[in-house]
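Start from the sequences and build out the full structure, keeping to the hints where you can.
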Amino acid sequence: MKEYRPLWFALLAMALLSPLGLYLPEWLRAGAAWGEWGLDEVAQMVGYSPTGMEKLSDLWKAPIPDYALPGQEGAPLSHRSLSYLLSALVGVGLCGGSTYLLTRWLTKGNR
Amino acid sequence: MHIPDGYLGPPTYLASYAACLPLWGLAARKVKTTLAARRTPLLAISAAFTFVVMMFNIPLPGATTGHAVGGVLIAIAVGPWGASLSISIALVIQALLFGDGGITAIGANCLNIAFVMPFTGYAVHRWLARMLPSRKGQAVAAGIAGWAGLTVAAFTTALLFGLQPLLHTASDGRALYAPYPLSVTVPAMVLEHLLLFGVIEALLTGLVVYHLYGSRSAWVLQPVREVSR
Chain G
0 MKEYRPLWFA
10 LLAMALLSPL
20 GLYLPEWLRA
30 GAAWGEWGLD
40 EVAQMVGYSP
50 TGMEKLSDLW
60 KAPIPDYALP
70 GQEGAPLSHR
80 SLSYLLSALV
90 GVGLCGGSTY
100 LLTRWLTKGN
110 R
Chain A
0 MHIPDGYLGP
10 PTYLASYAAC
20 LPLWGLAARK
30 VKTTLAARRT
40 PLLAISAAFT
50 FVVMMFNIPL
60 PGATTGHAVG
70 GVLIAIAVGP
80 WGASLSISIA
90 LVIQALLFGD
100 GGITAIGANC
110 LNIAFVMPFT
120 GYAVHRWLAR
130 MLPSRKGQAV
140 AAGIAGWAGL
150 TVAAFTTALL
160 FGLQPLLHTA
170 SDGRALYAPY
180 PLSVTVPAMV
190 LEHLLLFGVI
200 EALLTGLVVY
210 HLYGSRSAWV
220 LQPVREVSR
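Those protein sequences? They're chains G and A, same order as listed.
Numbering (numbering that gives the first Met the number 0) for the first sequence: 0 to 110.
Numbering (numbering that gives the first Met the number 0) for the second sequence: 0 to 228.
Hints were generated in silico from the structure; no laboratory data involved.
Please note that the accuracy of each hint is not assured.
Once the Cα atoms are required to be at most 27 Å apart in a straight line, the calculated DSS-like pairs of lysine-lysine come out as [stated by the list, open to error]:
no.	chain 1	residue 1	chain 2	residue 2
1	G	K1	G	K107
2	A	K31	G	K107
3	A	K31	G	K1
4	A	K135	G	K107
5	A	K29	G	K1
Source: prediction; values computed, not measured.
Right under this line is the structure:
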């Protein structure tokens with residue numbers, strides 16, 4: 000694991016910088032990614048809300064929607080950026096941890 | 000490029016899941032036979048890396064946002080199947096925990112971002128890296144591969160969006176799911192990735208390869224092959 004230390008540090012540094020991914024679009028007035036609009040945005044763009052989309056769009060309530068901790072969705076940018084940073088750390092931990100366990104199990108006995 | 004819930008009708012998202020199941024199984028088997036013990040942590044780092052790379056939203060000023068994925072860099076480091084597995088895990092966590100990408104669309108998003116992207120980029124990289132053996136050449140080959148991988152993935156995502164009005168339009172002409180036809184989705188998705196987000200992906204991929212080349216970690220860039228057990 001020792002030889003991987005610089006890579007984990009690089010990841011940590013990226014996670015700490017992640018709020019840039021929130022600030023930059025805000026400063027430059029960029030909206031949602033193409034094809035990732037909310038139902039109301041779609042309704043505004045095409046003039047109606049597609050009925051199938053209405054049924055499916057609320058299927059899943061994510062616990063940390065859009066990387067904003069619960070109750071922080073409409074909070075000021077500085078609060079949301081803290082949420083965003085914590086989400087990055089949680090994501091790095093969960094992705095790294097679960098993938099590590101899975102690969103160790105898969106590659107058991109490999110040299 | 001994360002398709003949300005409600006954009007794809009059931010035939011598309013179910014077929015995408017059906018296509019992913021055997022691919023995930025194959026990816027697990029390939030990782031088992033090609034990932035040396037020394038590289039095991041690299042897959043975990045790859046999943047965490049792509050997760051955090053995708054959080055860096057790049058604005059197209061006044062219009063829309065997008066992001067790099069790091070998928071081709073990962074394919075170079077752990078092979079395309081290892082990339083598929085680690086990116087899929089990141090996409091599942093993004094969908095379940097953060098609502099980034101729909102849960103019905105996990106199959107479709109994995110096809111585009113975890114399979115099309117790393118395999119396209121890996122193929123381009125294998126082809127170019129042979130012709131450009133110098134340090135700069137390797138970085139350029141990786142950069143072009145990253146750019147191609149992301150742009151082709153944007154193209155297949157646009158195909159899935161644009162297919163929806165063909166499959167699901169009510170008699171009054173209204174779409175039931177994603178409303179825009181191929182003639183809109185393909186130019187929009189491909190152009191923004193060709194000209195901006197793909198360039199970011201190229202810089203990320205090329206600069207990291209340039210940095211790794213000749214460093215103590217250069218072994219990461221060696222291709223994966225069958226390991227002894």
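Going through the hints against the structure:
Note on G:K1 and G:K107: the hinted pairing holds, with a Cα-Cα distance of about 20 Å set against a maximum of 27 Å. Between the alpha carbons of A:K31 and G:K107 the distance comes to roughly 8 Å, so the proposed pair stays at or under 27 Å and holds. For the hint pairing A:K31 with G:K1, the CA-to-CA distance comes to about 23 Å; that is within 27 Å, so the pair holds. The hinted pair formed by A:K135 and G:K107 fails the criterion: a straight-line CA distance of about 37 Å is larger than 27 Å.
A C-alpha spacing of about 26 Å is found between A:K29 and G:K1, which places the hinted pair at or below 27 Å, so the restraint holds.
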